[in-house]
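Peer 1: So the chains spell out like this:
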Amino acid sequence: MVNSDEEPRIGVYICDCGVNIAGVLDNDELREYAATLPNVVKSERYKFMCSEIGQKLIQEDIENGEINRVVVAACSPRMHENTFRKATREAGLNEFLFEQANIREHDSWVHMRQQDDAQSIAQDIVRMAVAKASKLEPLEVMKVEVKPSALVIGAGIAGINVAKDLGDQGFDVTLVEKTPTIGGHMAQLDKTFPTMDCSACIITPEMVEVGNHPNINILNYAEVTKVDGFVGNFKVEITKKPHYVDQEACTGCGGCSDVCPVITGNEFDEGMKERKAIYLPFPQAVPNKFTIDMDHCIKCELCKDECEPDAINFDDKPKKIEKEFGTIIVTTGYKAFDPSDYTPYGFGRFPNVITGLQMERELSSFGPTVGKPVRPSDGKAPHSIAFFQCVGSRSFQPGMNNYCSRVCCMYAMKQARQYKEKHPEAEIYILYMDIRAFGKGYEEFYEIAAREYGINFIRGRAAEVFENPENNNIIIRAEDTLLKRPIELEVDMVVLSVGLEAQEDATVISRLLNVSQTADGFFMEAHPKLRPIDTLSDGIFVAGVAQGPKDIPDTVAQAKGAASGAASLMAQGEVEIEPYFSVINNALCSSCLSCVDLCPYTAISYDKLANLVTINKALCKGCGTCTAACPCNAITQNHFKVSQIMAMIDTAIPTR
Amino acid sequence: MVLIKEQIKKIDKSIVEEVVEDELLERFKSCYQCGTCTGGCPSGRRAAIRTRDVIRQALVGLDDDLLSSDLLWLCSTCYTCYERCPRDVPTTDIIIKLRNIASHRGLMKGPHLAVSKMLIETGHGVPINDEKWSNLRKSLKLTPLPPTVHSFPEAVKEVQTIIKELKFDELIAYGEEVKKKLAEEEKKRAPERIEELEAELKQLKEEAGK
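First to last, the sequence lines map onto chains Y and R.
Numbers 1 to 656, taken from the working numbering, label the letters of the first sequence in order.
Numbers 1 to 210, taken from the working numbering, label the letters of the second sequence in order.
These are computed hints drawn from the structure, not numbers from a lab.
Small disclaimer: the values here were computed from a predicted structure and weren't measured.
Treat the hints with care, since some could be wrong.
Straight line, CA to CA, 30 Å or less: simulated DSS-like cross-link-like pairs of lysine-lysine [unchecked claim]: (1) R:Lys29 with Y:Lys529; (2) Y:Lys86 with Y:Lys147; (3) Y:Lys484 with R:Lys29; (4) Y:Lys42 with Y:Lys86; (5) R:Lys109 with R:Lys167; (6) R:Lys187 with R:Lys205; (7) Y:Lys235 with Y:Lys147; (8) Y:Lys235 with Y:Lys178; (9) R:Lys109 with Y:Lys484.
Put together the whole structure using the sequences plus the hints.
Peer 2: Written out as structure tokens, the structure is:
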């Protein structure tokens with residue numbers, strides 16, 4: 001191991017990154033420039049530093065004893081810091097004596113039209129990295145234990161698959177679901193595209209399997225309310241909402257529901273069917289136990305008299321459960337776009353305008369119309385139906401979403417085909433702008449919808465609708481953009497293909513777990529290509545629509561990926577943590593406690609008796625807040641020491 | 001027939017650039033041709049205005065066809081399409097901008113030129129220049145002339161000063177000039193055109209004979 005007291009001998013390696021960097025910068029000039037910098041003993045250039053040959057260049061120089069510090073001027077450290085650190089370590093040098101200069105994202109990509117300026121910026125970036133490298137100190141990687149237990153938040157098809165995969169591997173899984181039943185949106189669907197297999201037939205056995213799994217503990221009607229700790233050791237508080245029905249005693253017989261006099265809309269049926277105040281969301285719910293909806297209950301206590309096992313308990317209180325978990329997987333899914341505020345489509349005003357999910361319930365054999373869709377105004381089967389695509393999606397209007405929801409084209413065609421199977425004489429129109437049938441077997445599905453089923457595709461977005469007051473028909477105005485003609489179309493019913501949105505409480509989860517959201521509200525992955533199911537918080541994974549709109553096959557694939565990511569962490573039993581934590585020099589500390597209040601990760605604690613401030617290395621994320629705030633300069637942060645940062649600043653502004 | 005490849009090369013120099021001089025109008029490049037504008041256009045129900053088509057033609061740089069067409073002038077600027085556009089394209093503002101560009105190229109329509117000339121001369125786009133209008137006003141128990149420049153002829157000078165300051169008169173004069181030039185060109189082409197039509201007629205007759 002190289003001694004940090006040795007004079008720094010820096011090797012600078014400039015990466016062309018194909019044309020990404022060398023297409024803009026003159027890398028030979030940069031290499032010559034780097035050679036003139038203090039402490040630089042070697043300066044090289046190569047086409048792809050991240051390749052095996054590139055890494056060998058560095059390793060040979062280390063092994064020959066030529067250099068004891070490494071600077072690679074290439075892409076962002078988020079891309080390849082780990083690659084080069086590993087190479088440095090394998091060659092026998094402490095990996096924290098490596099520094100990456102980002103001349104791609106910070107320079108060649110953003111200044112590709114100002115080559116001269118880009119060149120001088122590249123020089124600045126390299127000069128600063130060299131200055132920091134001279135001051136780098138070796139650090140030791142820390143290891144922490146990973147508990148073999150996982151918390152899965154949200155029990156839709158994604159959460160169920162994660163739980164099942166992890167449970168099968170022997171990990172202790174807790175599956176938290178905020179509604180009274182697991183199953184999520186998929187349980188609401190009738191059939192699934194493109195194979196037209198029955199959704200309930202796929203998901204109900206999985207629900208039962210998860211429900212009976214020895215390693216899976218389902219906490220339904222519960223929410224995560226507090227998360228502390230760090231990778232491998234999350235301390236989580238889960239609040240179980242009161243069911244007002246003893247879940248152990250309830251046999252699911254339904255006697256209570258029969259006598260309950262309160263009728264309200266069933267969320268599971270998208271309000272198209274009623275339920276009682278004491279209810280089971282749907283007959284196949286797991287767990288198959290009743291819950292009282294206290295927002296609607298009138299406390300007549302008829303159910304209490306009826307209940308044979310005497311399970312009703314009006315004094316039920318929320319219960320707090322605390323548990324430690326090694327990993328957390330977020331599978332909170334989505335909420336369908338609510339079109340009520342978009343007045344041109346008349347949803348909520350005209351009874352015969354319904355949403356895609358409502359149509360799905362109508363098509364379902366255990367839905368409000370037992371699989372025979374009718375129009376809400378008169379209960380008759382519609383002869384003509386128009387589907388409006390991109391409702392709430394691909395729109396810049398306030399309250400709508402810019403992105404494509406990725407499933408609406410397919411589900412509209414699926415519902416159209418299903419209705420045509422039941423009513424071959426029906427006229428079906430799909431008003432679309434682009435049909436996005438990109439999955440396996442989807443394009444074929446689209447073609448068959450047009451050719452065999454005779455569904456009419458009209459390229460144009462519906463502009464507005466009116467109701468025919470005589471028969472509640474819907475009159476649509478749009479443009480057939482391919483005919484370049486405005487059209488007017490009268491149909492019996494309109495189905496709005498509403499898009500998918502992030503859950504309303506996604507922000508709450510985001511704050512609890514310290515997981516970022518993208519601008520559209522979905523959770524952000526660590527890297528869109530290479531780490532699509534990891535988040536930037538170690539030990540926390542995300543899968544399914546919680547990460548962004550996707551269909552069932554993609555959701556399940558992600559769920560399996562997330563399960564595998566979490567399993568590999570837990571199977572190792574311990575995980576390496578970057579030693580970027582802050583270190584406190586108690587001799588300098590005046591115990592002002594500014595840092596204790598400011599620390600966003602509650603990593604700093606104060607022992608009053610000993611008058612000692614301590615920083616928990618595992619909790620500390622190395623954000624530097626305390627370092628900057630400390631009035632006594634008692635706190636230093638590893639790898640970002642004041643001397644290291646000042647060296648960069650001094651060389652960045654040499655004339656200062 | 002426009003060769004699309006050549007057309008695309010031309011776009012950079014076309015009105016697209018002129019239109020997007022204004023940052024607000026830049027957004028029209030994100031149009032995805034959904035037809036919400038045309039589908040909900042109250043004017044388009046009655047007249048030939050096809051808003052999406054106007055935007056499309058402007059986007060692909062079909063300058064000559066678009067700027068000289070009647071389409072541009074049929075919009076009543078009610079802003080329905082503007083309000084509904086899912087891509088936030090300021091459709092109505094773009095049409096107004098295109099009209100400005102057309103006017104500056106001398107492509108204002110005849111009736112508009114006539115109205116503008118009236119305005120310059122009398123201070124009214126539709127002046128009360130006929131006895132029947134005064135009579136109509138009288139029958140409605142109104143004064144024969146309204147309290148506008150008609151009642152205060154000296155104010156016409158003020159209107160004309162404003163018009164001169166804004167160089168509106170030059171614009172109209174240029175429009176007249178272009179109109180005349182186009183009419184002359186049309187006239188020159190007339191004999192050719194007659195020949196063409198005669199040939200066509202002959203062919204039709206032959207076919208009918210068969």
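Peer 1: The structure should be examined with respect to each hint, and the outcome stated for every one.
Peer 2: Going down the list of hints, with the structure as the test:
1. R:Lys29 with Y:Lys529: Holds, at roughly 29 Å.
2. Y:Lys86 with Y:Lys147: holds, 26 Å
3. Y:Lys484 with R:Lys29: The hint holds at about 20 Å.
4. Y:Lys42 with Y:Lys86: At roughly 20 Å apart (the allowed maximum being 30 Å), Y:Lys86 and Y:Lys42 satisfy the hint.
5. R:Lys109 with R:Lys167: Answer holds: R:Lys109 to R:Lys167 is near 18 Å, not above 30 Å.
6. R:Lys187 with R:Lys205: holds, 27 Å
7. Y:Lys235 with Y:Lys147: It holds: about 11 Å lies between the C-alpha atoms, which stays within 30 Å.
8. Y:Lys235 with Y:Lys178: holds, 19 Å
9. R:Lys109 with Y:Lys484: Answer holds: R:Lys109 to Y:Lys484 is near 24 Å, not above 30 Å.
In the structure shown, no violation is registered for any of the earlier numbered hints.
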